[in-house]
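Engineer: Use the sequences and the hints to build the structure in full.
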Amino acid sequence: QVNLQESGPGIVKPSQPLSVTCSVTGYSITTSYYYWNWIRKFSGNKLEWMGYISYDSSIYYNPSLKSRISITRDTSKNQFFLQLNTVTTEDTAVYYCARHVSYDGYLFDYWGQGVMVTVSS
Amino acid sequence: DIQMTQSPSLLSASVGDRVTLSCKASQNIYKYLNWYQQKLGEAPKLLIYYTNSLQTGIPSRFSGSGSGTDYTLTISSLQPEDVATYFCQQYNSWPTFGAGTKLELK
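Protein sequences appear in the order of chains A and B. Numbered according to the numbering used here, the first sequence spans residues 120 to 240. Numbered according to the numbering used here, the second sequence spans residues 3 to 108.
Hints listed in this document are in silico derivations from the structure and should not be mistaken for laboratory results. Where a beta carbon is used, it is the ideal one built from N, C-alpha and C, also for glycine. It is possible that some hints are incorrect.
What the hints assert, rightly or not - Across the chosen pairs, the derived CB separations fall in these ranges: (1) 121(A) - 52(B): 16 to 22 Å; (2) 221(A) - 3(B): 16 to 22 Å; (3) 186(A) - 78(B): 45 to 51 Å; (4) 9(B) - 224(A): 23 to 29 Å; (5) 122(A) - 9(B): 32 to 38 Å; (6) 59(B) - 205(A): 21 to 27 Å; (7) 134(A) - 108(B): 44 to 50 Å; (8) 79(B) - 128(A): 30 to 36 Å.
Structural biologist: Written out as structure tokens, the structure is:
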């Protein structure tokens, strides 16, 4: 059973970095052809795909976030991480991690429950 | 990026009704279109992929259709457990999502 679980700080001050962790159980993040994504949902239901890290450590970011985002991983812990720099109140959102497999395209078949991150002073 | 517009934003229907949700892309997405269901407090669930393929375990009352820029999710006979928000997502380029249709019982 594939399970993804996000964890994060809850609240971040403006201009500080935001860091969220996705812990994966039941499936190795190094399994061929699987990609591990970050997606966020703003109030008002807007969903934004942020980027991914692949089974072989390749990375692709949403061009609108490219200057502020970093996605990394720790294969020994089967975790991957999101860091978003220089946040503003507009980065307040629920942050989800999700999986897709390369040969099917961006089909997000497993998601975490999401973690709310509020940017506030 | 490709903009996705869903309509209506809110839909009220009765149990047993046939329900149709729409999704329009700002350009041709060549059927690279998925539908997700999100219930309150839960993660989104993949329902339909590549316009009309039913994800494993999803009831057959859900179906999808469309081409070009216009796509539809249909629930043939609405059940109480279908109350949720439904999102479309294109993947002809990097993925973008619609703003959702909230489906409630009348």
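Engineer: Are there hints from earlier that the structure breaks, and if so, what are their numbers?
Structural biologist: 6 and 8
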